[in-house]
Amino acid sequence: MNNKKEFVSFDLICPECGVGNPEGSKNCLVCDKNLEETIAFLEDDSFDLEITNDCLLEYRKNFWGTERTGKINKYLWIKMDDIEFGSPINRFIFIYDGKRIVIPLREQNMKILKEFLRK
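Counted the way the working numbering counts, the sequence shown spans residues 808 to 926.
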């Protein structure tokens, strides 16, 4: 009998409910969201971003960035126009349904988003 204790890591964060799931999970343990649809999950100061093949989901947080407000903005990639990255301040800028959207990002999140859009 093997006496080694094995620890399960719950590092896979569900973008929808924020609960940690074991690595390799197909669905969230709490809300049953399909985690295989999520390409990247980026935690930022004023929001969390979920990147999928079809869209960018923005989960808004309160002023202090400690809790989600429940507001979710969904931006379909095919409906985004004039995509650009702001500099020297890290911002993701695009036109969506005729409206200019500006999302300030941490530098590390900007790099991940740029890499995704190159593909």
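Derived from the structure by calculation, the hints contain no laboratory data.
Every value quoted in this text rests on a predicted model; they were computed, and no experiment measured them.
Treat the hints with care, since some could be wrong.
What the hints assert, rightly or not - In silico DSSO-like links for lysine-lysine, alpha-carbon gap of 27 angstroms or less:
id	residue 1	residue 2
1	Lys906	Lys868
2	Lys886	Lys918
3	Lys886	Lys840
4	Lys881	Lys906
5	Lys926	Lys881
6	Lys881	Lys868
7	Lys833	Lys921
8	Lys886	Lys868
9	Lys878	Lys833
10	Lys921	Lys840
11	Lys918	Lys906
12	Lys906	Lys886
13	Lys833	Lys926
14	Lys886	Lys921
15	Lys881	Lys918
16	Lys881	Lys921
17	Lys878	Lys918
18	Lys878	Lys921
19	Lys833	Lys868
20	Lys840	Lys868
21	Lys906	Lys878
22	Lys926	Lys906
23	Lys906	Lys921
24	Lys886	Lys926
25	Lys906	Lys833
26	Lys878	Lys840
27	Lys840	Lys881
28	Lys921	Lys868
29	Lys878	Lys868
30	Lys926	Lys840
Hint-by-hint comparison with the structure:
no.	hint	result
1	Lys906 <-> Lys868	holds, 21 angstroms
2	Lys886 <-> Lys918	holds, 22 angstroms
3	Lys886 <-> Lys840	holds, 24 angstroms
4	Lys881 <-> Lys906	holds, 14 angstroms
5	Lys926 <-> Lys881	holds, 20 angstroms
6	Lys881 <-> Lys868	holds, 15 angstroms
7	Lys833 <-> Lys921	holds, 26 angstroms
8	Lys886 <-> Lys868	holds, 24 angstroms
9	Lys878 <-> Lys833	holds, 25 angstroms
10	Lys921 <-> Lys840	holds, 26 angstroms
11	Lys918 <-> Lys906	holds, 24 angstroms
12	Lys906 <-> Lys886	holds, 11 angstroms
13	Lys833 <-> Lys926	holds, 24 angstroms
14	Lys886 <-> Lys921	holds, 18 angstroms
15	Lys881 <-> Lys918	holds, 21 angstroms
16	Lys881 <-> Lys921	holds, 18 angstroms
17	Lys878 <-> Lys918	holds, 25 angstroms
18	Lys878 <-> Lys921	holds, 25 angstroms
19	Lys833 <-> Lys868	holds, 26 angstroms
20	Lys840 <-> Lys868	holds, 20 angstroms
21	Lys906 <-> Lys878	holds, 18 angstroms
22	Lys926 <-> Lys906	holds, 25 angstroms
23	Lys906 <-> Lys921	holds, 21 angstroms
24	Lys886 <-> Lys926	holds, 17 angstroms
25	Lys906 <-> Lys833	violated, 35 angstroms
26	Lys878 <-> Lys840	holds, 17 angstroms
27	Lys840 <-> Lys881	holds, 16 angstroms
28	Lys921 <-> Lys868	holds, 23 angstroms
29	Lys878 <-> Lys868	holds, 8 angstroms
30	Lys926 <-> Lys840	holds, 25 angstroms
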